[in-house]
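Construct the entire structure; sequences and hints are all you get.
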Amino acid sequence: MTFRIGPRTNQIIAYSILLLMTLITVVVLFFIIGYVFKNGIGQLSLEFLTDKTRDMGKEGGILPSILGTFFVTIFAIIIATPLGVGSAVYLVEYTKGGLIHRIISFGADCLAGVPSIIFGLFGFIFFVIKLNLGWSIISGGLTLAVMIIPTIIRTTEEAIKAVPHSFREISYSLGGGKLDTILKVVLPTSLPGILTGVILGIGRAVGETAAVIFTAGSSLGIPTSAFSSTRTLAVHFYILAREGISMPKAYATATVLIIIILLVNFIAYRLMHRFMAKYY
Amino acid sequence: MIKVSIKNLNLFYNKVQALKNISLDIEKNEILGVIGPANSGKSSLLRAINRLSENDYARLSGTIILDDTDIFTIPINDLRRRVGLIFATPVVLPGSIHKNMSYGPKLHRRFKGSELDEIIFNALSAANLWKEVKDRLKDSASTLSGGQQQRLCIARTLAMDPEVIMMDEPCSGLDPISTAKIEATMFELKEKYTFILVTNNTKQAARVANKTAFFLAGELIEIDKTEKIFTNPADSRTDGYIRGKFG
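Protein sequences, first through last, are from chains V and S.
Per this note's numbering, the first sequence starts with residue 37, numbered consecutively.
Per this note's numbering, the second sequence starts with residue 117, numbered consecutively.
None of these hints come from the bench; they were simulated from the model.
Do not rely on the hints blindly, as some may be mistaken.
Cut-off 20 Å, straight-line C-alpha distance, at most; resulting in silico cross-link-like pairs (PhoX-like, lysine-lysine) [to be verified]:
hint, chain 1, residue 1, chain 2, residue 2
1, S, K344, S, K361
2, S, K222, V, K220
3, V, K220, S, K215
4, S, K250, S, K215
5, S, K119, S, K308
6, V, K220, S, K254
7, S, K215, V, K214
8, S, K306, S, K144
9, S, K247, S, K215
10, S, K297, S, K308
11, S, K222, V, K214
12, V, K197, V, K220
Quick look at the structure:
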């Protein structure tokens, strides 16, 4: 005699397993965020956000690191977005399925899988030393840009591929050329997808340590130009914790970092929804 | 006066021949109905006339003359402005009704002051859509019903100031009332434009077309006055198709 589970029980078991899996994922996420917040939120104050860092981070605030993170990330995004979007447009609209497409896609995928420390070393050797840019916001931003370009290419590619072929036909049939069609129909339609890629890129850039520690340096001064060395929040947190300078300050820094990433995501998705509501 | 003259047109997709030695003339200010079963080459004919078939990597031979000019000597953007195409499924571009209407005209020239709004008003009125959308031009075009979207597509084409309007089964997804509205629009517009209407609905051709052409497997079987095609066709295959014996 064989033992059979009825279809109803079957459903319940499947549902329970899936729910459990989801719960585990969410609980781990909330535990991490909660733990960091619990240890860090008490340290937060306006002074912590707006004061210079003193005594290697034992005292004072994290203003230089906030500014450093902001400038390095903005620089990276400004460089990476046009390059990534441009490459994706070229790949999808001009080389569709050809050998060039496959080679570049393969390259981009490989690039996405390279550990960030390798980007850090590359940036150090190429931008910092070879191009003599020194430890600076520029070096850090360029390194991060190289690192996040594959992400932007991939997401933009998918977004452009998702634009219905009929939209292009309409544009052509109204007398639009290829460039008109790309600029006025394809890109605006795929904007939400492209934005998702950019947000993912920002997330990676803001949270990155290995790639910037060798390229932007770890100076604690307030950055005065694009050639200033700076210490991003993630690097600051890493140094505070790694060298045992101050765990409370480390948690406080981590809390700020998490809040910034959450804010970036929240604002970007709100913008996207407003855009979508307006046009779709 | 002959508006479009097609001579010995052949069209291939790879090795498949979709149009076989087609020759036909389309008179100015008339509606030519094109009927035939699936895969008879009706859509390929339209896509050849505005050269959209080039995007499908199709190979063409033969000539298509628009007002004494070979279409292959007309700049492609200009040709597509003069020869509009309405697709079977209405496709509105993402964005407002106004944006859909201004997209085509803006590709071809710049406008001053209220010039563009006037064009949009005229086109929407001609497509019998103005009354329904005048207060919601800024709304997303996808909020319109299917029939309204198809009339928006017609208005969008009219805004280009075309000479020939080709329609590829424009009512295939629409209810009878929307269909009647579109047919009425075509009738009114016949004074100004030349129409080529591809339709799977033979009755629609009988209702609106001056002349009807019957296509079968890429060949033009016959073309004649609509009454003649529907009452006393020369070819038995035309008769069979109209009576619903095949296709």
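Hint check results:
{"no.": "1", "hint": "S/K344 x S/K361", "in the structure": "holds (19 Å)"}
{"no.": "2", "hint": "S/K222 x V/K220", "in the structure": "holds (11 Å)"}
{"no.": "3", "hint": "V/K220 x S/K215", "in the structure": "holds (11 Å)"}
{"no.": "4", "hint": "S/K250 x S/K215", "in the structure": "holds (14 Å)"}
{"no.": "5", "hint": "S/K119 x S/K308", "in the structure": "holds (12 Å)"}
{"no.": "6", "hint": "V/K220 x S/K254", "in the structure": "holds (18 Å)"}
{"no.": "7", "hint": "S/K215 x V/K214", "in the structure": "holds (19 Å)"}
{"no.": "8", "hint": "S/K306 x S/K144", "in the structure": "holds (9 Å)"}
{"no.": "9", "hint": "S/K247 x S/K215", "in the structure": "holds (18 Å)"}
{"no.": "10", "hint": "S/K297 x S/K308", "in the structure": "holds (18 Å)"}
{"no.": "11", "hint": "S/K222 x V/K214", "in the structure": "holds (15 Å)"}
{"no.": "12", "hint": "V/K197 x V/K220", "in the structure": "holds (16 Å)"}
Against the hints set out earlier in the document, no violation occurs for any number.
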